[in-house]
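There are 2 protein chains.
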Amino acid sequence: MKRIQLAQGGGGEETTGLIKGLFFKHFSNEILEKMEDAATLHVKGPIAFTTDSFTVSPLFFEGGNIGKLAIAGTVNDLVMAGAKPLYLTCSFMIEEGFLLEELESIVLSMKEEMAKSGVKIVAGDTKVVPKGGVDGLFINTTGIGEIVCEGISAHNLKAGHALIVSNEVGNHGACILAKREELDLEMKLKTDCASLWAPVEALFAAGIKPLALRDATRGGLSAVLNEWAEASKVGLAVSEKAIPVAQEVKGICELLGFEPYEFANEGTMVLCVEAADVEKTLSVLHRFEETEKACYIGTVVGEHAGKVVLETPWGSHRFLEPPKGELLPRIC
Amino acid sequence: MKRIQLAQGGGGEETTGLIKGLFFKHFSNEILEKMEDAATLHVKGPIAFTTDSFTVSPLFFEGGNIGKLAIAGTVNDLVMAGAKPLYLTCSFMIEEGFLLEELESIVLSMKEEMAKSGVKIVAGDTKVVPKGGVDGLFINTTGIGEIVCEGISAHNLKAGHALIVSNEVGNHGACILAKREELDLEMKLKTDCASLWAPVEALFAAGIKPLALRDATRGGLSAVLNEWAEASKVGLAVSEKAIPVAQEVKGICELLGFEPYEFANEGTMVLCVEAADVEKTLSVLHRFEETEKACYIGTVVGEHAGKVVLETPWGSHRFLEPPKGELLPRIC
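Keeping their order, the protein sequence lines are chains A and B.
Those letters in the first sequence? Residues 1 to 332, per this note's numbering, in order.
Those letters in the second sequence? Residues 1 to 332, per this note's numbering, in order.
There's no promise every hint is true.
Note that identical chains are pooled: a pair holds if it fits in a single copy or bridges any two copies.
[What the hints assert, rightly or not] Computed cross-link-like contacts, BS3-like style, restricted to lysine-lysine with a CA-CA straight-line distance of at most 30 Å: (1) 158 / 307; (2) 34 / 120; (3) 111 / 293; (4) 241 / 116; (5) 2 / 324; (6) 120 / 190.
Because the hints were derived from the structure by calculation, they are not lab data.
Note that the coordinates shown come from a computational prediction; the quantities given were computed from them, not determined experimentally.
Model the full structure from these sequences, guided by the hints.
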């Protein structure tokens, strides 16, 4: 069982060996292989630029691992800005002694996930820190995309607009929590982690221009809805019955006292569209596995500016407060 | 003494509080403040794109800290590609319990360093991991620059070209090592950490087009020279007497058995220029504090392809081998 050694992060021969033998082998493309200090790119039109560091624990979980997450997460941040994902940088911070086999399996997941949107890693960085300096592995990915649909923004919401969620909510958070707490509930719970370029590209192609678009990561559905309500100074009226939540997620939430709407997602987005576009939006989303459970969940209203109002299954109403407190550390 | 709490990385209200109260306060610019998932940029011409994660230990050292390093390091990678540094993303990975005061002092250093090249942070990410998950603080910065001098490359070297180093070599490595080993040699040793855009911009303005340009970070001068010799299939003949090394660095190297040419630098570059441009290049570099000690150190030759040949102070010759082994972990 080969393990990562300090020398592989020192900048000398062993570092070159790791980079060529592992990263270039799987991420291979002509820009990366020039191996200069910076990649040279030609991008038309306005650019979207976004970064994310991934510190998830455990590194492997049902339906994915930190590598898949690191690609899908940054790809989705680009897509949410109306951009076609083009290029990524990728930086590994690896603990001395990390299993090379695990690293390769993570790198292979990254390769597989990149193929789904066509994004390419064009520059990278590798640090190896002595044992105890980092818990296993952190990955930073930073992305550039070409904005093909301009003007998507949290500030666009107006009364009458419709709210759609693209998948069940809370799967990623519940999956990580279950794995961490070693819950064995005979569940088939797995992360929703997925790159969302394909369904969003199809929406654009169908002439749908979302007013707002956001992946519901840390802070979950609740964070997105509250941020939108505040940014646009509108109320959001959402039906709890309409929000898709897997039985297993409901179970975990009841067991441990969490709110599924605050659980992180890694391949689930919230869309705000014109009321007239709801049907068409849903029919496009339903063509893709990662968004086949998309639902209309509510509407933008004039009253309760800055607030999210949930209609409970019993017909009563409550405010969905913005998430606060510790939530789940190292969820992504 | 306020400390960073897990909740400040959870994606909820406390995270927004940290971002607005600390990062936006000091990094303020109109793109960043839109606070969308991705920044929207307009960049002319070809783009340079580069990433670096900083894991240096200790976080504070003579002449700088991890924040200054995180800005200068990525700025320099852009500059070395012939690019004017424009935009950065910045991702903090913070250990729970980290002193807020130290974080603010790091952020202030970043702000100060950004002013030297005019680069701006336009997107970011904040993760807080439970105690023990990371040793203090890691920072990733990823940069975009507009390439204003095309064609700089490690593959351009031909016999007759001249080699210049912009400063004493080994200061950063020696400074970190001295601090880590608690060496107290009554030395005034400090890091060379500096952004190199100002002197390089002045070179471009003076009509100098470097053939190759590289900051001598991990692996030091030795790594750069060996990489160039290999990439261009040429020999490099370098005079050891001509390479500037501070007395204190020589002392540390003799004491601990290191080679100063393998020590990392964080604001020192190697330039390959036409022989006819040497004088003009040096006269431009000498106008800037960070490059005032620039020296001509040797020449590209036809023999010894792929090798670096050092002429020792005693007139004998030896190969300068590419660095290998552990070198210094967590040097940057």
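Results for each hint:
1. 158 / 307: Close inside one copy (13 Å), not across copies (67 Å); limit 30 Å.
2. 34 / 120: Cα proximity of residue 34 and residue 120: in one copy and across copies (14 Å, 27 Å).
3. 111 / 293: Cα proximity of residue 111 and residue 293: one copy only (26 Å, versus 45 Å across).
4. 241 / 116: neither (32 Å within a copy, 55 Å between copies)
5. 2 / 324: between (42 Å within a copy, 19 Å between copies)
6. 120 / 190: within (26 Å within a copy, 39 Å between copies)
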